[in-house]
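When you get a sec, could you build the whole thing from the sequences and use the hints?
Number of protein chains: 4
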Amino acid sequence: MNYNDIKTIDKCTIAARGGMTLLSQEEINRMMEVGQGGVHELFRKCCLAVLNHDASDDDAMAVLNRYPDFNVKLIPRERGIHLQFTNAPAQAFVDGKMISGIRDSIFAVLRDIVFQSAQKEVSSFDLEQPFDITNYVFEILRRAEVHQYGLEPNLVVCWGGHAINRVEYQYTKDVGYQIGLRGGHICTGCGTGAMKGPMKGASVGHAKQRIDNGRYVGLTEPSIIAAEAPNPIVNNLVIMPDIEKRLEAFVRLGHGIIVFPGGVGTAEEILYLIGILSDKRNQGIPFPFIMTGPKESAEYFYQIDEFIRFALGDEVADLYEIIIDDAEQVAVKMMAGLSAVKLHRSRHKISYYFNWALHIDEKLQFPFIPTHENMASLKLYRDRPLGELAASLRAAFSGIVAGNVKEFGRQQVLKHGVYQIHGEKDLMDKLDNLLKAFIEQKRMKLPGSEYVPVFEVVKEA
Amino acid sequence: MNYNDIKTIDKCTIAARGGMTLLSQEEINRMMEVGQGGVHELFRKCCLAVLNHDASDDDAMAVLNRYPDFNVKLIPRERGIHLQFTNAPAQAFVDGKMISGIRDSIFAVLRDIVFQSAQKEVSSFDLEQPFDITNYVFEILRRAEVHQYGLEPNLVVCWGGHAINRVEYQYTKDVGYQIGLRGGHICTGCGTGAMKGPMKGASVGHAKQRIDNGRYVGLTEPSIIAAEAPNPIVNNLVIMPDIEKRLEAFVRLGHGIIVFPGGVGTAEEILYLIGILSDKRNQGIPFPFIMTGPKESAEYFYQIDEFIRFALGDEVADLYEIIIDDAEQVAVKMMAGLSAVKLHRSRHKISYYFNWALHIDEKLQFPFIPTHENMASLKLYRDRPLGELAASLRAAFSGIVAGNVKEFGRQQVLKHGVYQIHGEKDLMDKLDNLLKAFIEQKRMKLPGSEYVPVFEVVKEA
Amino acid sequence: MNYNDIKTIDKCTIAARGGMTLLSQEEINRMMEVGQGGVHELFRKCCLAVLNHDASDDDAMAVLNRYPDFNVKLIPRERGIHLQFTNAPAQAFVDGKMISGIRDSIFAVLRDIVFQSAQKEVSSFDLEQPFDITNYVFEILRRAEVHQYGLEPNLVVCWGGHAINRVEYQYTKDVGYQIGLRGGHICTGCGTGAMKGPMKGASVGHAKQRIDNGRYVGLTEPSIIAAEAPNPIVNNLVIMPDIEKRLEAFVRLGHGIIVFPGGVGTAEEILYLIGILSDKRNQGIPFPFIMTGPKESAEYFYQIDEFIRFALGDEVADLYEIIIDDAEQVAVKMMAGLSAVKLHRSRHKISYYFNWALHIDEKLQFPFIPTHENMASLKLYRDRPLGELAASLRAAFSGIVAGNVKEFGRQQVLKHGVYQIHGEKDLMDKLDNLLKAFIEQKRMKLPGSEYVPVFEVVKEA
Amino acid sequence: MNYNDIKTIDKCTIAARGGMTLLSQEEINRMMEVGQGGVHELFRKCCLAVLNHDASDDDAMAVLNRYPDFNVKLIPRERGIHLQFTNAPAQAFVDGKMISGIRDSIFAVLRDIVFQSAQKEVSSFDLEQPFDITNYVFEILRRAEVHQYGLEPNLVVCWGGHAINRVEYQYTKDVGYQIGLRGGHICTGCGTGAMKGPMKGASVGHAKQRIDNGRYVGLTEPSIIAAEAPNPIVNNLVIMPDIEKRLEAFVRLGHGIIVFPGGVGTAEEILYLIGILSDKRNQGIPFPFIMTGPKESAEYFYQIDEFIRFALGDEVADLYEIIIDDAEQVAVKMMAGLSAVKLHRSRHKISYYFNWALHIDEKLQFPFIPTHENMASLKLYRDRPLGELAASLRAAFSGIVAGNVKEFGRQQVLKHGVYQIHGEKDLMDKLDNLLKAFIEQKRMKLPGSEYVPVFEVVKEA
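Protein chains in written order, with numbering that gives the first Met the number 0: chain A, 0 to 460; chain B, 0 to 460; chain C, 0 to 460; chain D, 0 to 460.
Treat the hints with caution; some may be incorrect.
One copy or two, it doesn't matter: identical chains are merged, so the pair holds either way.
Straight-line distance between alpha carbons at most 30 Å, and here's what the computed DSSO-like set of lysine-lysine pairs gives [what the hints assert, rightly or not]:
#1 Lys199 - Lys96
#2 Lys72 - Lys341
#3 Lys378 - Lys199
#4 Lys199 - Lys6
#5 Lys279 - Lys414
#6 Lys119 - Lys96
#7 Lys96 - Lys72
#8 Lys6 - Lys294
#9 Lys10 - Lys348
#10 Lys96 - Lys348
#11 Lys348 - Lys72
#12 Lys6 - Lys332
#13 Lys458 - Lys441
#14 Lys435 - Lys378
#15 Lys414 - Lys424
#16 Lys279 - Lys348
#17 Lys332 - Lys10
#18 Lys348 - Lys435
In short, the hints are calculated from the structure, not lab data.
The structure is reproduced here in structure tokens:
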């Protein structure tokens with residue numbers, strides 16, 4: 000892109016929408032304080048990510064650097080907060096008017112970054128308590144109007160990488176299309192690649208079936224939104240505070256999960272889900288979990304599967320099904336799985352809109368901060384209890400993602416060098432191989448730059 | 000009524016509706032605690048008042064006594080709280096199923112009595128702060144989904160007595176009909192008499208104009224709901240914590256106010272409104288304010304008018320208009336007034352759904368507790384500033400209402416004898432006359448019992 | 000009413016609504032031709048009846064005479080026909096604007112009187128063919144958007160007199176209320192009395208159950224609309240061409256029928272329905288049929304019942320049930336009957352919205368013209384086949400109604416004297432008694448005038 | 000495609016939808032007669048074309064040959080006609096259930112082919128009368144529920160070829176996207192290529208703007224539907240009886256027209272529109288008319304423009320605007336044009352939903368039957384009046400399209416050899432060049448076969 004081509008809109012003011020109307024003066028005052036102070040820079044960045052929606056995926060920092068003069072100002076109005084933009088990317092506007100869907104997303108950012116921060120200060124949540132964490136996740140989703148009373152349990156979460164190849168991308172669209180044809184709806188991490196394909200496919204399926212209330216839920220987090228800007232199909236955007244709450248939102252909100260090829264982020268998600276589903280307390284709760292990809296990507300899943308079996312045992316593999324190159328089959332099995340979920344919930348009078356019953360161990364719930372100390376103290380030994388090891392492996396992958404693309408992680412690595420991950424030799428060899436395979440398959444490459452590992456595996460006898 | 004005729008339904012469980020679905024587990028836990036403990040008796044009484052909706056107006060205590068075995072139990076369910084009733088009045092049911100509108104009202108009671116109590120404990124409102132009081136009033140109304148973005152400013156508050164005569168009742172229906180025909184909606188204190196007539200008339204007007212989203216907002220308070228059970232036309236019931244917050248809700252939510260004949264309660268409302276509208280800080284804010292009745296009731300308004308002019312001065316009379324026996328004229332003037340309100344708000348970008356701009360002095364905002372000491376220390380002298388005197392007069396009337404029908408007031412009077420009200424001789428004479436006229440006109444009679452005054456005017460030179 | 004009080008609106012033009020928009024130029028041209036020519040006077044009269052909606056029931060001719068200068072002109076507009084009124088009754092307007100519901104009814108009149116006449120000229124219906132008659136009835140109802148795909152079979156037809164007393168009127172409201180509470184909807188002949196009460200009651204029941212799409216279908220005919228102006232609750236008005244098609248519409252559209260006290264018109268309806276339900280070809284088709292009234296009116300039904308048993312045999316009495324003074328019971332039984340109807344239709348894949356399966360003998364279907372010759376040639380002998388005798392009795396009652404209130408019949412009687420009805424002595428005695436009882440009970444009195452019989456029973460050995 | 004891959008569904012019955020429910024028994028009887036007799040083969044073919052929706056565009060005959068055992072049977076049901084399919088293409092089904100959108104289209108075929116044929120027999124339209132033709136076109140569109148009262152005049156007709164190249168296709172999507180972003184809706188001939196691209200683009204624009212009632216109207220005709228199967232985005236399909244009525248529907252229904260590159264069919268459309276807009280009687284009626292394509296296709300429009308100027312004069316070129324390679328500009332100008340249309344219609348009280356005011360000369364309205372005699376008698380001389388020459392040129396192009404792809408035309412050419420077109424030498428030279436250019440640019444190629452001209456230009460001095 001030629002930087003001379005960058006077009007901006009000088010000035011533009013937009014009025015509140017959705018949940019950001021009908022605010023009290025007290026809420027507005029609190030938002031002004033927070034939104035002009037502590038979280039302003041974060042809010043500015045997230046707005047820019049949303050406005051920049053059509054750009055090909057890109058280095059977050061590059062995006063931000065391209066619009067150094069961009070700013071957004073909160074203006075208190077009695078009927079809700081107005082936003083005033085200066086030097087905003089022109090692609091978010093048509094004839095000087097902000098595109099409706101983008102405007103909705105901007106107010107989702109206002110709600111989740113500014114309003115939630117302001118509320119947290121006066122709320123009673125003690126985020127050191129597992130019960131409170133779950134209630135807080137619920138509260139954020141409810142405020143975002145994601146929960147809707149009376150909807151069928153048919154929200155399919157799709158995980159997978161943003162840097163997948165054309166064949167894989169087409170396959171994610173095929174799967175989404177087959178799910179959309181069958182009345183399923185989609186929830187993803189809301190960036191590009193495997194996060195966009197299923198939504199795009201489903202939207203075509205919905206159109207053919209005359210389903211005009213298609214749900215395309217995007218769950219993101221502040222530290223990643225700039226790198227993975229919400230794709231324009233997302234019609235319900237929520238920004239969860241951190242990766243752990245985002246993961247909890249995925250599993251409590253979604254009714255089944257499909258995993259497409261991806262990198263370490265995807266591996267983190269898989270380990271997180273296995274950590275939960277292998278928990279004895281969750282036995283008997285149906286949860287459809289399918290890994291799938293085109294035949295060209297079969298190898299990827301065999302490696303993952305092998306690693307999981309080696310690390311956590313063969314029984315764990317009963318929790319998921321691997322289907323290669325058969326989008327229709329994936330959809331048919333997922334829909335059958337959702338029927339089982341519906342039957343179970345209706346029989347046990349459990350809500351369709353939030354899976355309160357699922358037990359999530361606090362090791363998976365508490366935020367893992369990827370300092371070098373925390374990374375170094377993960378103990379990756381196979382003789383540890385299954386749940387603990389799964390949680391530690393999840394944390395290890397999480398730290399690597401942070402080192403790759405999140406600001407905090409990148410700074411840690413810049414300052415202290417690569418992370419050291421310790422563990423049992425055999426297991427560490429397998430991990431090493433898996434990560435190398437990701438690198439070879441270019442699953443860890445950020446667009447435009449060669450990948451340099453941010454970690455080092457330290458084997459112990 | 001023959002007590003042998005009282006029919007009840009043994010047992011009945013109903014599931015949550017409206018805002019009481021989509022609750023978090025934490026909210027449910029807190030509600031269980033509160034609803035089974037501190038506020039349970041209040042909750043039980045209010046439920047009974049709602050279930051007893053078709054009974055002719057009656058002594059609250061009599062109603063409660065008629066169903067001594069009635070009870071309601073909160074049952075926590077994941078999808079919201081269920082309610083289990085025992086020995087509930089049969090008239091609330093059809094073929095064993097609770098009537099829909101009553102079910103809605105029951106959940107309004109759950110929301111305003113139990114949920115709000117539970118929330119208050121964890122909220123940040125400091126109800127000693129005027130700003131916080133207003134925000135709290137807003138919060139209660141918002142939670143009750145009374146505010147609706149995009150509606151026109153056409154909610155007409157109707158005040159007046161519950162014990163009016165047939166001619167007066169018919170007239171309130173006529174006025175409501177004329178307002179309904181013109182697209183106005185109605186908000187009242189939600190009992191019978193002048194609180195029911197305008198809604199009934201408006202509903203016919205709406206039907207003829209094919210307006211199928213008629214709004215019939217009822218604002219009540221826990222201490223009066225049993226005596227003035229919500230009439231069945233009310234489709235949006237809100238129980239404000241006390242009379243002061245209820246009055247604030249009326250003036251901030253409504254766009255104009257009509258006063259029909261009534262007793263001391265109505266006098267209290269008139270003084271409250273005059274106290275606000277005569278405040279210099281509210282100059283320039285249009286607020287249509289009409290007193291009206293059939294020709295047979297003309298005397299009533301002349302007495303009120305005379306008293307107001309004597310007590311507060313002739314200029315104050317410019318704030319309202321008195322129209323006798325012309326329902327159509329009342330509606331035409333009110334609608335013209337609402338147009339002025341709309342113009343003003345739209346010009347100044349003020350919200351249609353809540354009148355934040357109106358300044359309410361803290362003397363009118365803080366609860367007045369009708370102890371004998373408080374009543375005795377009201378200083379009713381005409382040389383006091385207008386706002387202060389209006390507030391004191393409002394408090395005096397408020398205390399008399401409490402002594403008549405509210406539990407706290409009645410107990411005070413039983414214990415300590417009638418209230419002593421002090422003030423300047425001339426003014427006290429006028430007040431004395433006004434109250435005597437109310438008694439003569441049977442405006443202070445509770446149905447079924449002869450009225451015995453609960454106060455004594457003490458004149459000072 | 001003081002004629003000086005009559006207020007009119009000089010001039011007013013209204014634009015088409017509902018089905019009368021989206022017309023082709025050809026349809027408009029044809030309507031102009033018809034509406035300014037042949038049917039103009041009929042159209043004018045019907046419009047006046049609708050505009051005069053709030054007047055107490057009255058002699059049709061008196062209504063028309065009170066507004067001699069009233070006129071309505073069709074104005075062709077590309078987007079549908081406009082109507083221009085001169086000297087229209089003021090009560091149809093609010094602040095110079097026609098009330099919405101009345102405007103809808105006016106366009107129902109335009110559609111059924113003018114548009115249908117214009118269409119008939121180019122249609123292929125041969126109204127001498129029973130099959131075509133039924134299809135034509137369907138076509139009129141479809142055009143009026145009465146049929147609605149997907150609605151439950153819960154439309155209860157209520158028959159009965161317009162000149163009932165207060166106690167009876169209150170009872171019709173009670174029954175309507177109980178039906179409305181149970182989700183039933185109402186269809187009547189759309190005038191006052193027993194045609195208005197059930198709708199009024201049901202509308203209160205619907206409001207309490209928060210049913211906001213209450214259906215109040217009014218089926219009338221041109222020759223009676225002026226005498227029985229549509230009550231303002233009717234939200235779906237259809238003007239059928241003659242009494243026979245109106246009766247066919249009642250029985251094919253409604254899912255059950257309740258008969259309240261009435262005069263000869265009601266007797267005609269009862270005989271019509273018995274004629275159909277006693278037809279062997281209709282055996283096995285469930286059709287709830289209840290006669291009911293307050294205890295004060297019990298005698299009425301005993302007389303009817305006795306007459307029917309005497310004339311047509313005791314088995315015929317199995318087709319209906321008589322319930323005295325128990326509105327709740329009526330509603331409970333009717334709703335149970337509707338459940339049976341639903342089960343039967345859904346089992347046999349029969350449409351809910353039109354009872355095609357019901358066989359209506361052509362004797363009941365073809366119009367009976369009440370000339371003296373036709374009246375004199377009815378043969379009321381009990382040795383005739385059941386169906387034939389029922390049809391002849393129905394025709395006899397029909398002729399008497401015409402002689403009472405319809406223009407054609409009244410002119411016949413003025414010209415040729417009272418009708419002569421012939422038949423077997425015993426049967427004629429019973430008929431004589433029945434009609435006398437109607438007269439005594441003032442069921443045949445037109446308001447404001449003493450009733451003078453229009454017929455004479457001629458007994459034969 | 001490997002013919003062994005063809006999958007079919009053995010048997011499948013579907014119930015009526017949309018306008019095909021609520022039919023009278025008479026209508027059903029008439030449809031059975033027509034649908035099993037005269038038009039059955041046509042109905043079968045059109046159904047097959049719709050069911051075969053996802054196939055790449057193809058020779059119509061090839062499609063039909065691929066499913067020789069396919070059949071469809073009408074089954075009379077009281078609630079509307081059911082359809083029973085045997086050996087239907089599997090791609091129209093998901094898990095054995097027909098895709099919703101396809102089902103809708105199938106019932107559009109039933110309506111337009113079977114119901115309309117059945118109705119025509121009993122209708123009063125005299126299709127030799129211009130006024131009746133227009134009313135008939137209106138009637139078909141109304142029955143298809145295309146007209147909708149209250150919609151803005153923003154339906155943009157897009158014309159152009161189905162066999163355009165990738166660059167052109169992308170460009171049609173770009174234009175559709177820009178129009179969709181601005182709230183415009185799309186109407187096309189409903190096949191692939193330029194008929195699909197704008198709809199696809201607009202649907203993305205609508206999604207981004209949260210416009211969830213996007214209109215994608217497809218107007219086709221029986222003789223072309225098999226060759227140009229409705230694309231799956233079309234949500235309102237209408238099959239007009241012949242090309243002349245289809246063209247009339249385009250210009251009376253659409254509010255502006257965009258022409259993309261195409262072949263002779265597109266040339267026919269252009270001449271048709273010029274014939275109308277150059278008619279003196281249509282002066283002053285705004286009608287936005289833009290020709291556009293990517294820069295690679297600029298030559299195409301220069302040739303068309305040159306030919307039009309030469310044949311009909313330079314003034315005619317004022318009726319349209321040519322915009323090259325600027326999708327945004329096209330949309331901006333079209334929307335400005337639509338604003339002018341709205342202003343004009345609202346000022347003159349003309350309906351938004353059908354352009355009755357446009358005068359269409361009967362030469363353009365009457366069907367042109369492409370026999371050799373008719374083709375030979377077209378007189379293409381520039382000294383003829385503008386309107387006549389435009390009409391004759393339109394007919395010449397129409398005949399060529401028929402010879403290329405319509406059954407009747409192809410049979411004529413097979414039987415009698417190529418058409419002979421006569422005219423003035425200079426004009427015929429230009430025509431010759433234009434057609435040769437189309438051939439060179441492969442605009443007249445049918446997929447899969449080399450194009451062989453079906454006409455011969457005969458020049459005269």
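Discussion item. Hints numbered earlier in the text: which of these fail when held up against the supplied structure?
Written reply: Failing hints, ascending: 3, 5, 6, 18.
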